[in-house]
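There are 2 protein chains.
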Amino acid sequence: MKKDIKHGRLTLPTELDFLEETQELLEKWGADAIRNSDGTELDETLLNLDAKVYSTYFVARGDNEFALQHLDETQQIFVRTDYHTATSTTLEINVQDGFLEEQIAPDTTHDPKKWWQVHNRTTDELVDVSDWSVDTETNIVTIKNTEPFHEYTVNVLVYMRWDPTQMYNHITNNWGDKAKEIPFDVRQPNSQEHMKKALRAWCEANPKVDVVRFTTFFYHFTLFFNDKRKEKFVDWFGYGSSVSPRALEAFEAEYGYRLYAEDFVQNGAYNTTFVPPSKKYLDYIDFQQRFVAEQAKALVEIVHEYGKEAIMFLGDNWIGTEPYGPYFKDIGLDAVVGSVGGGQTLRLISDIPHVKYTEGRFLPYFFPDTFFEGNDPTIEGIDNWITARRAIMRKPVSRIGYGGYPSLAYKFPKFVDFVANTADEFRTILTNIEGKKPHSKKTVAVLNAWGKLRSWQAFMVAHALHYKQIYSYMGILESLSGLDVDVEFISFEDIKAGIPEHIDVIINAGDAHTAFSGGAVWDDPTFVSNLRKWVYEGHGFIGVGEPSAYEKGGRFFQLADILGIDKELGYTLSVDKYFDKTLASHFITEDLKGDFNYGEQINNTYALTENVEVIKMDNENVTLSANTYGKGRGIYMMGIPYSHENTRILNRAIFYSLQEEDKFKQFLSLNIHTELNVYKEGHKVALLNNTNEVQLTTVYDGHGNAQDITLQPAEIKWGELNEQTLEITF
Amino acid sequence: MKKDIKHGRLTLPTELDFLEETQELLEKWGADAIRNSDGTELDETLLNLDAKVYSTYFVARGDNEFALQHLDETQQIFVRTDYHTATSTTLEINVQDGFLEEQIAPDTTHDPKKWWQVHNRTTDELVDVSDWSVDTETNIVTIKNTEPFHEYTVNVLVYMRWDPTQMYNHITNNWGDKAKEIPFDVRQPNSQEHMKKALRAWCEANPKVDVVRFTTFFYHFTLFFNDKRKEKFVDWFGYGSSVSPRALEAFEAEYGYRLYAEDFVQNGAYNTTFVPPSKKYLDYIDFQQRFVAEQAKALVEIVHEYGKEAIMFLGDNWIGTEPYGPYFKDIGLDAVVGSVGGGQTLRLISDIPHVKYTEGRFLPYFFPDTFFEGNDPTIEGIDNWITARRAIMRKPVSRIGYGGYPSLAYKFPKFVDFVANTADEFRTILTNIEGKKPHSKKTVAVLNAWGKLRSWQAFMVAHALHYKQIYSYMGILESLSGLDVDVEFISFEDIKAGIPEHIDVIINAGDAHTAFSGGAVWDDPTFVSNLRKWVYEGHGFIGVGEPSAYEKGGRFFQLADILGIDKELGYTLSVDKYFDKTLASHFITEDLKGDFNYGEQINNTYALTENVEVIKMDNENVTLSANTYGKGRGIYMMGIPYSHENTRILNRAIFYSLQEEDKFKQFLSLNIHTELNVYKEGHKVALLNNTNEVQLTTVYDGHGNAQDITLQPAEIKWGELNEQTLEITF
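Residue numbers (the numbering used here), protein chains in the order written: chain A, 32 to 761; chain B, 32 to 761.
Simulated from the structure, these hints should not be mistaken for laboratory data. The hints are all genuine.
If chains are identical, the list can't say which one is meant, so a pair holds when it fits in one copy or spans any two.
Dumping the calculated DSSO-like pairs for lysine-lysine here, alpha-carbon to alpha-carbon at most 27 Å:
(1) Lys263 - Lys608
(2) Lys499 - Lys598
(3) Lys527 - Lys175
(4) Lys608 - Lys259
(5) Lys263 - Lys583
(6) Lys583 - Lys310
(7) Lys175 - Lys662
(8) Lys564 - Lys175
(9) Lys311 - Lys583
(10) Lys608 - Lys261
(11) Lys598 - Lys583
(12) Lys612 - Lys261
(13) Lys227 - Lys328
(14) Lys144 - Lys583
(15) Lys259 - Lys209
(16) Lys715 - Lys472
(17) Lys263 - Lys598
(18) Lys612 - Lys263
(19) Lys598 - Lys261
(20) Lys527 - Lys483
(21) Lys360 - Lys468
(22) Lys360 - Lys228
(23) Lys426 - Lys83
Required output: the full structure, derived from the provided sequences and hints.
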């Protein structure tokens, strides 16, 4: 198959009875692969097209015949009931209440007295097992000797009778009496044997499939529904659905201590990525990651035996396969494919190590919610493309793809042309830059409890979904995804031994006490003083939201001395706070017109001394500031939702934090809606217009010499770099 | 002297060389007393007017001849230096830095090693005395063996060489080389003897003074300035300026344990009223209150010996004399006078027990900032009057007064007439209601750590000053000051033994972890469950801001079950929150037009269940809601700044929390800008127009029968109550 500017690197979704048009799209878009989706099949005629064939494969669901015969091997989870207030000395709790019965079934096979727990949440104490009993018919737990007007909950080990993704699709698309796929647990003996046999059988039966797309492996991220068939809990990272008595007994045998329901339930917080991870939870993650990697490796080897490629979808049953985790490389996958919502999610895929290639699935999906008469899907398409393209310029995915029904897209000729052009542009970009490291001005490290494991995934609740509490932080990652800096994700543990030489700037961002801000990690004077010393000696620290928040020693922000900013908790209202005059102008906001959009308000941030450069305030709060600390600086931002304006503010803040304002206008495109990427190795530069309008900009070369350039809507203009003079020619 | 509608109950400030006009004002306003102020004198001609004469008296300042001879008896305070970051293993801190040298002088007479403290604030540990030394010449503390990049502070015992109020007036009014009055400590032997002698001498020398106005007694509230002659710290309640080695040694002898500098400094929070009080601090308050009461009593007795009255100004050097404290009654004062900023501060004065009368000093002051050509001081006068009048109708002060220069007021004839009319109205009100308990529909208790001691003073930083962090709570007190309910202030301790029978509704309001919300008090299951039971059995709970906030058992608000509201801290973003649909209408907001003004935003409040009545939301936060809890209800309000609209919301919330909506329209004036007060004892009702515009309203009698009434601007309309039929006739 050809691979040039016009061909290759694109995967087309397929549809039954759409052969001719599929052929036409394949040619127009230069697609070199086709794939089926959850719910679509590949027929023989499609299989014979001149394209690689991807097929979705489910390891631990989609075989109800097997699952129904082995219901004791159904996947499990610990759930916690709602709070129940005792009004007398006995209390009954129906543990099924509030959960979707089709999904959640209490496990009374394993002894509830061993696996379940009852808590008095008012005293925060465990209720002795002798004080409660379970009626296995009614699922009612009766607690005796309750304290009136204390609140009680039950932690319940349940079977998960419905795969969450299939449940979601089933309910959303009204699949009616279509079978509800029961997920089975490959840690159990029959499932273990079955998954391998089934894969072999499938490989035998599907010789024309070139690429097995695992969707995904074994354990789903935490997702359960309520009794009204609506989502009750969703955590894209949660290990909750990977538990079983067998797993926990294996854990105990290995680690020498036992995990209890509450270690997973955590008062209803369920170890989300926002909770600073406990040692126990980190142990459990490691334990399951090793198991999952080992099992996945076995499946990948089977696929390879049949001469096929093995790729993984990043999502759904991905727990334990984290591509930035320590065991991912052992699985031996050929590629990872994932969904691209913008620059951050693009980099989440494209930065994945230890695979031969990566593939991003772009928006919009070819679904009726976008592809309806009177709507122009090109608008979303362009927006998605130029948002992700910034990130592609820093680290490209190897391939792009689309999802949904091509027959829908086919009805929109303008959109078909748009994809054709986009595909050409993508292939041009790869021709120019693939394998070449773009010029990076600085190395910026995002510091939180998770570090590398959750690269590009900080602040996420449910993949790319918007939450009021996270968008003010997400902007950091979206901005960084396309900035000409190297980005690393480091954990507090990582730098306890010392901050790596190559890091220039550290960003700590998040709400107080979360895993992202850090919580109790700041109660470590050695850690705190090492960071202070590091900044003092000439590095940058950018704190966003409630950075380094931990109330101690009269400080709330433990790095208040670096930032020059702290948060008033109410105890020191009596201390006069004078430093509320904003500067008329500042290096960091030189390109900002109008107000600084800091997102959600953090109450009562204030400047500690007159030396603090208060750049922006709102409602008597400092929203943006800088503070010189030795040879470095601390920058405070209340939040920084993604926008071109804020990307520039972050970019400038990086230089300002290093006291290197003078170096800012080297290899820079001044118009904030444009960005310049430099590839020294290829003597190339790429100037991006990140809007769909004409933009005029001034481009500075490596010595700061300026030239004015006009860019057409969404244009990418390639230029030449003279490596000697650092001059740029377009 | 006459006392009727036209005469009496009013105190006039005086001015030199203003005799004739003073005489004229005395008659016009019906004043029966004159007084001097800080900075004005009473001359012989004034003393001979037909009016009682008040004279300001300073006990512990204003006699620099004595003070300079006894500098070792100057009042003292513990202050803390700013944070200093060590960058090597030694650190020098000039303890005078950042303080006003004219006010603050380090005490090196008493051994600094005993009374000062050095802290490593990064480890939150005390530095051993062997590791630091003081240069008494330079006031520099040198610390050795410091940890690089740890922060250090010094707690310093200092002399306070300038009385804070005089300092404030001196600096504000540019008094230049006028003497700086040095406050002396009457706990010291010479000062103790001097204060009594001086008072006797003064009484002898001032036979025509009828009333000695103590301004005030011994210890000033905490107020110190910075090196730029600006306020550095102000706490109207602080006991900081009452310390001395002598006091602390007496404390230790009595209580058996020693107080250290840090017990007062508290990391810079200095035991403000927002910090949940420690046992130590409560002990110290009690210790000083007893001392102050005893000493003040001795002075009052001297005044009485001379046939004069002894009254106290509520403010300035008032520490230890708290009128709602347990020892106030022992002082034997005849009266208290204080400044009136509105209803809350009116009630703060008028509710004071154990005195013969109270006097409120009304706004505006006769100062040039209001009384200048082109301005109409009547506007501020009317506003102040109708705001305070609501509270007068519930509990009147006995007298009113004004401050400043009467010559200024005299130039504004319209204002002179306004005061004359106001004085007549005030005297009419007193004639009608004095000594008669107004009809109260409910008893509402404001619950916090301070309870009765700080009645009407919750949330205050510096008397009536506005702070962003308090106005959303202050509205509760301002609203309550004029509502037809009985108001009590109770402490957490008070109700641990049980909630008094007569209380209907409890309000807990404040920012998390403050003395007003409560902090760790909510970590007490017995306390929490008793409150729950109390509401469940048919009482009301109104939570404002972050009520009952203490993170435990998966709740942030420990009474989340009552309120139906909790605050998301970030750990449970994964829990879906569905209950964000506001009701189209609700009993509580029936009279609200437009948005609910909740003041400052509390982030991330949400409804726990579908049963919660979500009344108002903003920015995805619940700002007003109700939740049925047994026979009672919990009401959540984000904040409730004072306004007529919010007063009505609070009034309705009281009834709704008791499930007594049906009783709301009894003895009610429906227009929110009007209020009805009922005096069963006198068979009278008073209908207030709380605006300066005409208002139409519907008045409901005791059975809910309605009549329409028109009120003129600021009018108070008196009516008759038929005690049998509960009908009202105007």
